[in-house]
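Residue numbers (the numbering used here), protein chains in the order written: chain A, 14 to 451; chain B, 29 to 520.
Keep in mind that the hints were calculated from the coordinates and are not lab data. Bear in mind that the values here come from a model prediction, so they are computed numbers and not experimental data. Warning: the hint list may mix true and false statements.
[Stated by the list, open to error] Heads up, incomplete: computed chain A residues facing chain B, CB under 10 Å, no partners named:
| id | residue |
| --- | --- |
| 1 | Leu91 |
| 2 | Gly247 |
| 3 | Pro293 |
| 4 | Ala313 |
| 5 | Leu314 |
| 6 | Glu400 |
| 7 | Gly403 |
Glycine residues also receive a C-beta, built at the ideal position from the N, C-alpha and C atoms.
As a plain string of letters, each chain reads:
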Amino acid sequence: MTSRAFAARARAVLIGTIALVSTAHAQSVEQLRLIAPAAPGGGWDQTARVMQQALQREGIARLAPVENIPGAAGTIGLARFIGAERARGDVLMVSGLIMLGGIVTHQSPVTLRDVVPIARLTGEYEVIAVPAASPLRSLQDLITAFKAQPGSISWGGGSAGGSDQILAGLVADAVGVDPKRVNYIAFSGGGESMSAILGGTVSIGINGFAEFAPQLEAGTLRALAISSAERLPGVDIPTLREQGVNVEFENWRSLVAPPGITPADRARLESVVRAMVQSPTWRESLARYRWLDRYLDGDALARFVDTEEARVRSILKKLGTGATTTSSIVPSGAYPRLVLVGLVLVGLAALRRAWRSETSSVVASSAGAAPLALVATGVVLHLFLAERAGFVIAATVLFWCTARAFDHRHPVRDAVAALAISLASYVLFARVLQLSLP
Amino acid sequence: MNTLELLREGFANALTWAHLGWAFAGVTLGTAVGVLPGIGPALTVALLLPITFTLDPISAFIMFGGIYYGAMYGGSTTSILLNTPGETASIATAIDGYAMARQGRGAAALTTAAIGSFVAGTLATIALTFFSPLLASVALRFGPAEYFALSIMAFAAVATLLGGSLLHGLFSLFLGLTLGLIGIDQLTGDARFSFGIPQLLDGIDVLILVIGLFAVGETLFQAWRYGRQEFEAVPVRGFVGMSREDWKRSWKPWLRGTAIGFPLGVLPVGGSVIPTFLSYTIEKRLSDRPEEFGHGAIEGVAGPEAANNAAAAGVLVPLLTLGLPSSATAAVLLAAFQQYGLQPGPLLFSSRPDLVWTLVASLYIGNVMLLVLNLPLVGIWARVMLVPRPLLFGGILVLASLGAYSLNRSMLDLTLLYVVGAVGWLMRVYDIPLVPAVLGLVLGPLAELQFRRAVAISEGDLSVFVTRPISLAFLLVAVATLVGPWLVKRRR
């Protein structure tokens, strides 16, 4: 690239950035916020970011900022979505099968019945695979070994209650082994489980086809079965069904809108999503990420979610994850008890020593209390005001009180600095970087 | 073609004025966003990647390299100047870095961090260039038993950080371990100690604990001391860079930090807390003046900063050779590769060698750029310490709030931050060390999880920890760390 072309590009990027900043002010109807209830890097985050790109590049939405609310298989994001976004017509959250599992496993007080389903977007089949050097040559080998000694087969996959464990449970159930006896080893994140599978730490691995595909092509892993109903075109992996295991399973992802939106909002969101899934950018991305197009909306979607929920609930019950007691070899309660006993013992000893030391009387005396109380007042006001009056006011109050605690001679200077810092950080976070602040 | 030729070709692709411009833009943006509290490297990269999508693949990859290293680098600045680490990688830096800044040696701390990052980043990138496939295959031999042994070794190292009073140190450690119990048990999905509050299901973020204890606790403590008329004289010397002695004390920690950080970064269960704190404890043990640690020892900044940058390069080894994203940041990068039709996985190197080698070359370039960008900025940043104390502490609290809230967009986190801050104030008053609590929160859950995984895989057989050689070696080192000093003392 010549330097002139570089200058042109740089200008384009700069203009793009400025446009990004300036359009944020105009609450244009074309703004669509996307919430990924997971940390950056996962499947839901990828879905949201691919959507962002498709929506913006195709001009379907002028601006589509992505916000991550990670945790607990998306149930933290779900609770927050229902609470904070009620009746907002300009926001969508990525959801899917794993969230159904999370709702059951973590006994979430809110469920997918509390939100408005907009569309099912993509699906991914699961693959059962072993390292190339594994003695298990076929699914039959696996089933024979598993039936003989269920505990000797360790199944490595994603988080507890997620799609990988659900499939392990379905397979065990189908071949007549109590799903509770599946020795499932949960890993967090794709890299961790994949390295355990590649390194032969676990006997077999379960993961999405897209994640396994590169390893299968390179020959480092051998696929035993895929969870689709029929063989996929161009993919030489036998299905579970054709090998006598009557299981069909797919990890689907969908979009939901907050409760309480008007029918007009709902219709608009549905049409935006429909336009997006038909766009070339989206179609290209599907191929690139090996996602299957599973677009579904309306009543058919609602029925689909209901059947899936019943299925997930029943298999997780059989697996015994979550609140029901699990038959794991090292129970989850032993270590916490050890730590709590340690804390109490050490704590009592430390308390006894503190009681006798002179420091206690120093703390109890009122010296030093005034500035501390001022900072504490600032903090309490800050926490109280943050969601009621907004970040700028809350932060200004906090700054001002803290500054006054250290030196009370410059109230005006402190106030000006407080407002300036708070405003600057607000503009930077909320406007330039598109991260929401109260 | 051999590695050198491929690398040369990569450099040939990367070394044009336009590409250097993109590399500079990448490191600048990466540093600028990475500096902000509560925005870790993963989010920084995710936020900035859309900018690269308008570019051709080679320019984009060069910018990736810059953004990645820039984001990793940005965190140390707020750690040193404001005691507010922006990400887990710079927690260890805050301990002595902030102490140095308070003594008017902020510029020296920032300089050793910048040069240490450069040295570590470059050496680690060289190791990445030549030994990736070998290292990746070794990393795959690490299973739960090895990770458990590794965390036990890290626990043994904590013993040196317990501080003057064993009782106080243990109290702090158990406090951290207890906080670590909160949240979902990963193996079963059980919620533990979450008291029905959904936001607690994911546990307490280590950054909430760190910013609360360090930044908020310190502000409260200083306000309290101000009220008691105990003034602390802050010698303001403005810009004082590294003295000859600082150089002498820094270069070995840089190299040792690299040697620790890089291999640990390669492991798929990475995290940057273990490498940085291992480096910190090793520096403290090897130092002639261990008493200076915690009160502004430059080794305590040089070592961990080198370790954290070397680990960041190490993360790229499993990513490029096996397609394994071992950190959230790596997962974001992996997704970006796919945008350019790069198939992440073991065939990455052979399918598009041009792009991969350009990326590697741009890592070298990004490192140089970071140094060029940051050394002149040191003088400007260091002047933050000239801000009047009332405004400085006011600013620290606002940034702490901003950071805590941005992590998960949760009001509960914000409230917790100040509760932890109050605890931090009390701990300071009673002279209870803060660091063991942080390590307890990080290491406790890791040790428990890996122990239970290992035992589940072996069907209850506890001997796995001593029959697997790597695991046994770590455990022996742990025992030696604990018993060694005691034996030496007895012989004297």
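Going down the list of hints, with the structure as the test:
{"no.": "1", "hint": "Leu91", "result": "9 Å, holds"}
{"no.": "2", "hint": "Gly247", "result": "15 Å, violated"}
{"no.": "3", "hint": "Pro293", "result": "15 Å, violated"}
{"no.": "4", "hint": "Ala313", "result": "30 Å, violated"}
{"no.": "5", "hint": "Leu314", "result": "26 Å, violated"}
{"no.": "6", "hint": "Glu400", "result": "6 Å, holds"}
{"no.": "7", "hint": "Gly403", "result": "12 Å, violated"}
Checked against the numbered hints given earlier, this structure breaks hints 2, 3, 4, 5, 7; the rest are met.
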